[in-house]
Amino acid sequence: MTKNLYSPLRIYKIFHLLLTFYLLIKRRESFLFIKSIKADKITSYINYLGPSFIKMAQVLATRSDFFPPNYLNELKKIHDNLPPMSQSELEKVYEDKGFINFNKTPIASASIGQVHEAFLKDGSKVAIKIRRYNIEKIVKTDIKIISFLNVIFKPLFSHYTKNSIEAVISEFASTIIKETSMRIELTNLKKFSKIYQDSNIIFPKYYEELSNDNMLVMSFEEGFRFDDRKNIEEFKIDIKKAINDLVLFYVEQMLIRGYFHADPHPGNVFINKNSQIILLDFGMVKSVSNETRLNIISLLKAANEQNYEEYIAACKNLGISAYETPTTMLAEFVEQIFDIFSNDSLSKTTMQNLAFEVMANTAKFPFKLPAEAIYILRVSAIIEGLGTSYLENFNGIKDILPILVKNIPRAVGAKETLVDTIFDELKELPQNLHYIKTSFHKISSGQIETNISKSQLEYFKKAIDEKVSELIFGLVLILTSFFILLLDDGFKFIAIAFFIAGVLRLIYKR
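Quick note, the sequence shown lines up with residues 2 to 511 if you use the numbering used here.
Derived by calculation from the structure, the hints in this document are not laboratory data.
Possibly wrong hints are sitting among the right ones.
Here are the computed lysine to aspartate or glutamate pairs in the EDC-like style, where the Cα-Cα straight-line distance is at most 16 Å [said to hold, decoys possible]:
id: 1; residue 1: Lys138; residue 2: Glu90
id: 2; residue 1: Lys105; residue 2: Glu90
id: 3; residue 1: Lys192; residue 2: Glu209
id: 4; residue 1: Lys274; residue 2: Asp246
id: 5; residue 1: Lys274; residue 2: Asp228
id: 6; residue 1: Lys42; residue 2: Glu75
id: 7; residue 1: Lys206; residue 2: Glu118
id: 8; residue 1: Lys98; residue 2: Glu210
id: 9; residue 1: Lys93; residue 2: Glu137
My request is simple: use the sequences and hints to build the entire structure.
Here's what the structure looks like:
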């Protein structure tokens with residue numbers, strides 16, 4: 002399989018797929034007479050190219066700011082299901098640790114690995130996740146090809162779009178490489194189990210001594226896939242409770258802890274007969290920095306309160322909008338966003354269409370979606386999909402937002418009672434008085450310092466780089482004119498032309 006990774010046909014298909022993504026983002030039909038892959042053909046292209054591109058498609062399926070609805074619908078249809086490894090490949094990665102009744106036929110088979118049933122000597126039933134033979138080498142090769150082609154396409158895009166695409170590719174490359182290691186997934190599972198040990202969500206028990214980089218051994222958790230409606234209804238499982246538990250758990254993960262399972266599709270979310278959620282597959286786990294988490298909270302709070310200024314400030318702090326984007330332009334966009342939060346008469350379908358329309362209009366703004374936001378959007382879309390599959394009127398914005406808002410005080414570290422809050426404030430009073438005294442001293446002595454956000458720094462850096470480049474180019478033209486004269490004064494007219502061009506470049510700046 003690896004020997005064909007660099008075949009001319011495969012390289013061309015990768016080129017054509019990436020070109021299609023770029024053309025769709027630019028809203029163009031063709032480039033150098035090469036047209037985009039049609040929406041109804043893109044799924045077969047991606048499945049032909051294999052695991053890396055299946056994973057990439059799943060990430061891009063949330064980018065309504067990049068792609069029109071017909072392409073998004075096709076990307077959402079791509080499932081991470083592949084034929085199992087051959088027996089010869091399985092034998093190269095499977096290591097017998099004394100398992101009893103190891104079932105060589107997998108119960109699930111995906112792009113990175115496949116899962117087998119087995120029993121331990123004490124009779125415990127386990128699930129063994131085995132990574133595909135040579136998958137790490139295949140993924141690294143694909144990343145090299147994608148990165149090389151990205152260099153070719155990059156000059157076609159603006160500074161902000163370019164950065165947004167770079168963020169997607171960089172995050173995708175980092176994530177998929179980690180997913181190919183069972184040791185990293187084991188570490189994620191251990192950390193998850195510890196952080197959320199008091200939650201009412203079930204995680205598999207891990208067997209560290211039986212695991213290695215090729216396979217992860219876990220307890221076999223009995224339950225039904227979230228989309229197994231027949232069994233869920235037959236066993237009278239309380240689906241409303243399960244959905245509520247899942248939503249609350251993701252609020253806890255993303256808003257309060259900043260550490261979340263980023264791939265909760267129906268095959269990774271099970272429900273047992275007691276209506277408890279079982280979470281599986283910890284290959285894609287993401288962390289959100291405290292600064293980003295607090296800015297997300299500010300964004301949600303501002304949206305709920307219809308506060309334009311706070312919402313715009315939060316957008317800039319998150320890096321969603323560039324620092325220099327005019328506030329009047331952003332206000333127009335924010336107004337459309339607030340309509341989604343406030344219009345109760347909209348049906349679910351209409352709200353989704355409005356969301357697509359709003360994201361399509363962002364093309365005129367210099368937006369850059371942070372890497373964390375890509376996965377938060379993806380998770381939110383998946384959770385909404387799980388809810389709407391059972392509850393007819395379930396709506397991702399209307400049903401989840403009140404829960405988010407209710408938990409904002411917890412997210413920012415507020416205490417549960419007024420007494421606790423007052424007690425905490427009194428404890429910090431001496432330190433706060435010291436800060437006030439220090440601030441007044443700095444004001445009186447002219448020592449005030451200003452903190453600059455990352456987005457501001459990026460804007461200043463870009464502006465400085467542009468000015469320095471203009472200055473250097475002008476000086477190079479002038480120095481070249483002198484160099485030409487030193488070589489041969491017969492070329493003085495050429496030297497004069499270079500000199501005038503250099504002076505004009507210095508005088509007439511953009």
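Verification of the supplied hints:
{"no.": "1", "hint": "Lys138 to Glu90", "in the structure": "holds (14 Å)"}
{"no.": "2", "hint": "Lys105 to Glu90", "in the structure": "holds (12 Å)"}
{"no.": "3", "hint": "Lys192 to Glu209", "in the structure": "holds (13 Å)"}
{"no.": "4", "hint": "Lys274 to Asp246", "in the structure": "holds (15 Å)"}
{"no.": "5", "hint": "Lys274 to Asp228", "in the structure": "holds (14 Å)"}
{"no.": "6", "hint": "Lys42 to Glu75", "in the structure": "holds (9 Å)"}
{"no.": "7", "hint": "Lys206 to Glu118", "in the structure": "holds (15 Å)"}
{"no.": "8", "hint": "Lys98 to Glu210", "in the structure": "holds (10 Å)"}
{"no.": "9", "hint": "Lys93 to Glu137", "in the structure": "holds (14 Å)"}
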